[in-house]
Amino acid sequence: MKCKTKREIAEPEATFNSAGVPVTRGKCSVCGATVYRAGRTPAHEGLTPPKRVKKREGKLVIVESPAKARTVGRFLGKGYTVKPSIGHVRDLLRSQLSVDVENNFKPKYRVPNEKRPVVKELKKLAAKAEEVYLATDPDREGEAIAWHLMEAAEIDPKIARRVV
Numbered sequence: 148m149k150c151k152t153k154r155e156i157a158e159p160e161a162t163f164n165s166a167g168v169p170v171t172r173g174k175c176s177v178c179g180a181t182v183y184r185a186g187r188t189p190a191h192e193g194l195t196p197p198k199r200v201k202k203r204e205g206k207l208v209i210v211e212s213p214a215k216a217r218t219v220g221r222f223l224g225k226g227y228t229v230k231p232s233i234g235h236v237r238d239l240l241r242s243q244l245s246v247d248v249e250n251n252f253k254p255k256y257r258v259p260n261e262k263r264p265v266v267k268e269l270k271k272l273a274a275k276a277e278e279v280y281l282a283t284d285p286d287r288e289g290e291a292i293a294w295h296l297m298e299a300a301e302i303d304p305k306i307a308r309r310v311v
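Just so you know, we're using our numbering here: the sequence shown kicks off at 148 and counts up by one.
Everything labelled a hint here was simulated from the structure, so no lab data went into it.
What you are looking at is a predicted structure, and each value in this text was computed from that prediction instead of being measured.
Hints may contain errors.
Derived lysine-lysine pairs resembling BS3-like cross-links, with alpha carbons at most 25 Å apart [as the list claims (entries may be wrong)]:
hint, residue 1, residue 2
1, LYS271, LYS230
2, LYS225, LYS305
3, LYS270, LYS225
4, LYS225, LYS215
5, LYS255, LYS270
6, LYS206, LYS270
7, LYS215, LYS267
8, LYS174, LYS225
9, LYS271, LYS206
10, LYS206, LYS275
11, LYS267, LYS255
12, LYS230, LYS215
13, LYS198, LYS255
14, LYS206, LYS267
15, LYS225, LYS255
16, LYS198, LYS271
17, LYS215, LYS270
18, LYS230, LYS267
19, LYS255, LYS275
20, LYS262, LYS206
21, LYS262, LYS198
Computed spacing ranges between beta-carbons, pair by pair [as the list claims (entries may be wrong)]:
hint, residue 1, residue 2, range
22, ARG217, ALA180, 48 to 58 Å
23, ILE233, LYS198, 46 to 56 Å
24, ALA291, LYS225, 37 to 47 Å
25, GLU277, GLU298, 14 to 24 Å
26, GLY224, LEU194, 17 to 27 Å
Note that the Cβ used here is the ideal one computed from N, Cα and C, for glycine as well.
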């Protein structure tokens, strides 16, 4: 049961809602229902509002080629951003052995200069996206490209989905 009448709030507590708006929370002095009243009061003076978390928006689909990006983009429509990785985004260093023999033969990868703008754009889009779909080819090369994309663009594994 909600109290619909504006009455005095018993046990008022100054707080902020999820959007950072100052509210007073308490109980109706007559019926005892929990009530909220929006607006800043003198009790809010010492309180700091919570930091607003930016809401992620849209879905990002990453494919291998620009032609696939155009085709898939036509099928998916609004709400989806489809971008190509244009093939592999990382490679082993050519100037060195590219393998750390002392650390269990761990490979040393680098993003080639011509791929840096692609990775930078995908990283920026992935940071804003609600979900990221890695729609590379269903073969070992596609799997490698998807893994390198996640690593190079620092895509959060919680929002990443592999689509084949």
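Hints versus structure:
1. LYS271 / LYS230: holds, 12 Å
2. LYS225 / LYS305: holds, 23 Å
3. LYS270 / LYS225: holds, 20 Å
4. LYS225 / LYS215: Given that 25 Å is the threshold and the Cα spacing comes to 17 Å, the pair holds.
5. LYS255 / LYS270: Holds, at about 20 Å.
6. LYS206 / LYS270: holds, 13 Å
7. LYS215 / LYS267: holds, 20 Å
8. LYS174 / LYS225: Not OK: LYS174 and LYS225 at ~45 Å, beyond 25 Å, violated.
9. LYS271 / LYS206: Since the Cα atoms of LYS271 and LYS206 sit roughly 13 Å apart, the hinted pair holds (cutoff 25 Å).
10. LYS206 / LYS275: This hinted pair holds, its Cα atoms lying about 9 Å apart.
11. LYS267 / LYS255: holds, 20 Å
12. LYS230 / LYS215: holds, 9 Å
13. LYS198 / LYS255: Violated: LYS198 and LYS255 sit about 38 Å apart, past 25 Å.
14. LYS206 / LYS267: holds, 17 Å
15. LYS225 / LYS255: Given pair LYS225, LYS255 is violated - Cα atoms ~39 Å apart, limit 25 Å.
16. LYS198 / LYS271: Distance of about 21 Å is within 25 Å: holds.
17. LYS215 / LYS270: holds, 20 Å
18. LYS230 / LYS267: holds, 12 Å
19. LYS255 / LYS275: Violated, because 28 Å separates the two Cα atoms, which is more than 25 Å.
20. LYS262 / LYS206: holds, 22 Å
21. LYS262 / LYS198: Answer violated: LYS262 to LYS198 is near 35 Å, above 25 Å.
22. ARG217 / ALA180: 48 to 58 Å: Roughly 56 Å apart at Cβ, these two residues keep to the hinted range, so it holds.
23. ILE233 / LYS198: 46 to 56 Å: About 37 Å separates the Cβ atoms of ILE233 and LYS198, which means 46 to 56 Å is violated.
24. ALA291 / LYS225: 37 to 47 Å: Once the Cβ atoms are compared, 31 Å apart, the range 37 to 47 Å for LYS225 and ALA291 is violated.
25. GLU277 / GLU298: 14 to 24 Å: holds, 21 Å
26. GLY224 / LEU194: 17 to 27 Å: Violated, since GLY224 and LEU194 (Cβ atoms, about 44 Å apart) do not stay within the stated range.
Going through the hint list in order, the structure does not satisfy hints 8, 13, 15, 19, 21, 23, 24, 26.
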